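Enquirer: If you're matching them up, the sequences are chains A and B in order.
At position 171 of the first sequence the residue is numbered 171 (this note's numbering), and the sequence of numbers has no breaks.
At position 140 of the second sequence the residue is numbered 1140 (this note's numbering), and the sequence of numbers has no breaks.
These are computed hints drawn from the structure, not numbers from a lab.
As the structure is a prediction and not an experimental result, all values here were calculated from the model.
Glycine included, every Cβ here is placed at the ideal spot set by N, Cα and C.
Among the clues, some could well be false.
Unchecked claim - Ranges of calculated distance between the beta carbons of each label pair, as one might list FRET restraints:
| id | chain 1 | residue 1 | chain 2 | residue 2 | range |
| --- | --- | --- | --- | --- | --- |
| 1 | B | Glu1011 | A | Leu64 | 37 to 45 Å |
| 2 | B | Glu1186 | A | Leu66 | 58 to 66 Å |
| 3 | A | Leu66 | B | Asn1004 | 35 to 43 Å |
| 4 | A | Val108 | B | Ser1008 | 54 to 62 Å |
| 5 | A | Leu66 | B | Ser1220 | 53 to 61 Å |
| 6 | A | Pro67 | B | Phe1048 | 23 to 31 Å |
Spelled out, the chains give:
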Amino acid sequence: MEWFNYLAIFTAAICFTTFLYRLIYLLSLGLPKDLSKETGSVKRGIIYSFTGAMSPMEKESAFLHLPTYAAGMLYHVGIFSSLLFFVWVIVTLFVPITLPSLVSIGLVILLSLSSLAGFSILIKRVISKELRYLSCADDYISNFLTTISQVAAILYILVPGSQVIYFIIMALLFTWMPLGKTRHLLYFFFARIHLGFFYGRRGAWPTVNKS
Amino acid sequence: MKSNQINSKRELALELLKPGDDSKLLTSLNSCVRCGLCADSCMFYKAFKEAKFIPSAKVDLVSSIYRRYYTATGKIAPRLFGAKELDDKMEESMVDLLFGACTMCGRCVKHCSIGVDIPYVVRRGREMLAVMNMVPQSLQSTVDAAINTGNNMAIPEDEFVDTIKWMEEELIDEMGDENARIPLNEFDKEIFYTLNPREPKFFPLSISAIAKVFYAAGESWTLSSKFYDVTNYGFFNGNKVEAAQIAGYLYDEIKHLRGKRLILGECGHGSRAHRWEGPNYLKKTYDFDNITVVELIGEYIRSGRIKLDKSLVKEKHTIHDPCNLVRNGGLMKEIRFVVNSSVSEVIEMSPYGEDNFCCGGGGGALAMSEYNDRRLKIGEIKANQIKATGAKVVITPCHNCVDQLLQINHTYKLGVTIKTIAEVVADSLVISK
Ligand code: SF4
Ligand code: SF4
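Please build the complete structure, drawing on both the sequences and the hints.
Expert: Dropping the structure here:
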């Protein structure tokens, strides 16, 4: 293994441990203590929070902004795929296996589209007055790093000799992930749990069919 | 000396952002990705089109302070991570946006791409301002009145008793029954009923409407002459001690009168504050029933304790859903059950239910005269919703909403009548004598 392999593995391990620590800590805190009398169901509320309430038909952030929503979904699929691909790459450092060519092609297509989505979201942040108002450096860096990590994965697959760039970019991403807003990777799930808890116990979620 | 005082107040405010063992706080302060997709869900942004009104900008006021004082990255590289000092400028923005530009309606929460509980963060910001004595004076006066007199309009007890006696005489005349009563301070009753002080002050007919419903149901009920106020502006000023004190007034009074069920009158935030927050403010579970009058009337209709004839009420009606009863209270269906049992024609606003827009007067906005212009401007969204229905009557089970709707009715020349649920139920009551 080369120094850049060690670097990426080391930063990935630190990143993973940090998220794991935060996950265990948040889990250990449990749900809020609420002394009011429940009239709905927390369980149903939480399930709905992750299912029906996430439906694009239920959210203005989705149905009023379909291109951004679609780009965001694609971008996130790309991020998770590129993270899985990194695990695969690390495994191949120890086990001599190769990715079936069909999977490679599929991955390149997916990551190309998701990188485009990532760049489009970044451009939108740069040109929109409202988004610039909301943004700090972290927003640009987080978006940029997650996007170029996907581009780097494409390079890794297509261009022999691009390993150094790939591993360095992944190391940068793993260093940034627990620090920047990318940490919503973990907090997202807890935000949904808290919403489900809040609305579920009052019987507001699942919402009733309005038609 | 003065700067020491300011610093110690700021320290107290910062304590409120210490995540400690509060998972919800930690989550809420760390989950917004500043995508800005919540902008169009907030009426402040929709009305003014200014970035500072985007819900996420309000969250960021609070979370940027959290990052500055409680995260290593925010301490080391504040600019990189959008971490900000709690200073004069920040405090000014917090007052302006957290008190003056958020009704805590929660509409943005459902539509947020992540699910950040934005009003929860706004409330935490208000709590910070409260410990720094920065609550807008008008809102604080409302809370002070409730604390000092037992009701937020500081209505003297004898004036209240006179109004109730007058309404009782009207009820006796209307029912033609000497036994028709509006009981005061009676013990061991099934129902301990509460009112919004706007009722005795400005809308006494809504008291006679609910009294008529109780009469028809043959209910055993009472009001208290001292502690009848269902509102709790401590829920909005961010002072939990005061909120607990106000919640304690009703708790102690139902215990004193040995009432069996606390029935929360037509007030959205008051119902929420007493039903959902009250036990937490007082740190005890309630050993009595604690429900809204909408649910009680629903019970009467289902059990046949009251009979309604909706053909008596023929005009076209629409419903304004109070945020704290519907989106944050789960009563959408129940409100419709009661209204549809009482009137012939209901046409829904678009959107309605959990997606409904706030009237614009929530979050204590009605009490904060400093922001009257903003409140009326955002009310235009509601005005347009009402106009589009073509309804002649707007029903809403909240006296705060009634007040704001009356003002937008006047400002935007809607020409509608605003009614509470008790009023429409009373209009359709069939009383067999
Ligand atoms: S939609 Fe949610 S995550 Fe996006 S900016 Fe608004 S509050 Fe933040
Ligand atoms: S709670 Fe309501 S008023 Fe406040 S930011 Fe959200 S949508 Fe706007």
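Enquirer: Indicate, hint by hint, whether the structure satisfies it.
Expert: Here is what the structure says about each hint:
At about 42 Å, the beta-carbon gap between Glu1011/B and Leu64/A stays in the expected band of 37 to 45 Å. Our hint of 58 to 66 Å for Glu1186/B and Leu66/A holds, since their Cβ atoms are close to 59 Å apart. Range check, Leu66/A to Asn1004/B: about 54 Å between beta-carbon atoms, so the 35 to 43 Å window is missed. Checking the proposed 54 to 62 Å range against Val108/A and Ser1008/B shows it holds: the Cβ atoms sit about 60 Å from each other.
At roughly 56 Å, the beta-carbon separation of Leu66/A and Ser1220/B lies within the given 53 to 61 Å, and the hint holds. For Pro67/A and Phe1048/B, the Cβ-Cβ distance of about 25 Å falls inside the hinted range of 23 to 31 Å, so the restraint holds.
Violated hint for the displayed structure: number 3, the only one.
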